[in-house]
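Colleague: Order-wise, the sequence lines are chains A and B.
No gaps in the numbering here: position 149 of the first sequence is 149 in my numbering, and each next residue is one more.
No gaps in the numbering here: position 139 of the second sequence is 139 in my numbering, and each next residue is one more.
For the record, the hints were derived by calculation from the structure and aren't laboratory data.
Derived EDC-like pairs: lysine to aspartate or glutamate, alpha-carbon spacing no greater than 20 Å straight-line:
#1 K194(A) x D19(B)
#2 K76(B) x E59(A)
#3 K172(A) x E183(A)
#4 K172(A) x E80(A)
#5 K194(A) x E8(B)
#6 K194(A) x D9(B)
Which bits of chain B does chain A cover? Going by a derived footprint, with three or more residues having C-beta under 8 Å, they are:
#7 41-50
#8 59-70
#9 73-80
Computed list of chain A residues with no C-beta within reach of chain B, every gap over 10 Å:
#10 V5
#11 Q8
#12 R15
#13 F19
#14 G87
#15 N95
#16 L100
#17 R102
#18 E138
#19 K156
#20 L184
#21 D202
Just so you know, even glycine gets a beta-carbon here, dropped at the ideal spot from N, CA and C.
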Amino acid sequence: MSELVNAQSEADDARERSFEDARWVADARRGDQDAFDRLVDRYQRRAVAVAYRLLGNAEDARDAAQDAFLRAYQNLATLEDPRRFGGWLMRIVTNLSLNLRRSRSRSASTATDDVIAGEEELRTPSGAMLSAGAERPETAELNSAIQAAIDALPEKQRVALVLFSIEGIPQKDVAQIMNCTVELVKWNVFQARKALRRALADHLD
Amino acid sequence: MNSPDRHEDMLERLSAYIDGTLSADERAAVESACAADPELRQALAALRRVDEMVQAAAGPVPELDWAEFTRTNRTKRLAVGGRAAGGRWRSLMLPLSAAAAIALAVTAGILWNAWTRTTPTSPDQASVAIVTVERTTVTADANSLASASIVRPVQGTRSDAFAGPPRARRTLIVAVAGQAPDRADGTADEEAGYF
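One chain only, chain B, in its complex shape:
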């Protein structure tokens, strides 16, 4: 073993030799090199000895009550919900939900457009059409949008529409009509979208 690089390369080869990951030709080359070089033989023996020492020191893994381990795991699984996170169906649901939400938004937008052209609005109230997109379910009928089973009109100011539990933040505001206090500046239209 001459240069440090060659030495390092040879040691790495010896390590691979111990692991049995060399080809037949490479193994033969290592064996031939070791036969000719006592220093290599010593290095190979030392690396082998290190492995043996490590394995001997590691000792056995403690034996557990494996049946009890399995039972405990089932109990833990049931405690956190019982059903594993689904596979393909679950991964398909996200894009399907997004597609459904977009379809809802487009439909509701068209309906709202028609509605605002025909429905007079009270000057002191805003009508906010809300589409619930959570889990792509539809919640209620709209009194003036009979065909839009997905729309729930909310009477009141825009602030009223935003009030309520955090769940409301998963609601899609698709349309705002009427004269809410800040309706004039156009913010109501801008806020149509996901919340």
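Same shape as in the complex, but just chain A:
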């Protein structure tokens, strides 16, 4: 019973937020900078988090998120339903991050190693990164194996896994971000889990 009440309460909050977003988008379209600041305040953590999960680097994630907000601002007129600003923004964040990731892997073979966050973070060859500060060697090894397995996933499976399983974004919102159906999101998450189960079989108890 309490689960139902909580679910209803969350749905009400989400609805309230979406109407608030629509108001701020309308104000921003009229040139109200404070209104767009409120949208930035609301979504900046999630934008940076999604970019970070896909890029594995805090600095790149911050830049990708900044770029995404800027593009969203410049293209507010193309947003058909202002209540869905959040999902629309995350799609921009995701696309920019994937583009950056693709261009980074293309240049990885020729570029010099530019690891700049070495004190606290460990960057894998693909560019993703895991926290590795005070980890025991076996934990670092496991995390490395997990990250390698995630990196080996097809892009859509990786994005679905990151958005749904790691970031906890509801499947219907992930579907909006990935521009696909909820069923396809479920299928991608399932395929990702299956592939990871195979890849990490040695680490499963």
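Given chain A's structure and the hints, the job is docking chain B onto it.
Modeller: Chain B alone, transformed into the frame defined by chain A:
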């Protein structure tokens, strides 16, 4: 779990079970199946473990100075122009502009028709009536088309009319009169339109 298809189907159901997207009946069916099949129980535990490992490995997202992030974004926005691309007004402007351009073309065509019937033309010059449609604004009066505040006649050859900065390419040539060098072949009339 018998056939490969059934196995795959069951695994997918387990995945949905973990996500909490099954109906109450479907959940009960999965729980009942797991209770009866140790292999299913093991598969469910493995999928759960995979999720836990992935979440644990992901770690926390770095904390930034969020107030600074917002300030930086505003600075970037102001640097690129300050005002967001408008909403409904902007989307309405394109069809309105097109409609206005068509109305201008029709009006100017009628006026030009009347003009060419009454205005003698110099044999060595062409008169090109130009209507500027950019942003649907009107730029000048026409000396012989007093009522056509939207028309700017250009004296010279047709080449002269086309000369100038790229801006001229956003100009609507609505009428050509006189005897430009290639007037005889009718190209001038054909070129009336958007450029």
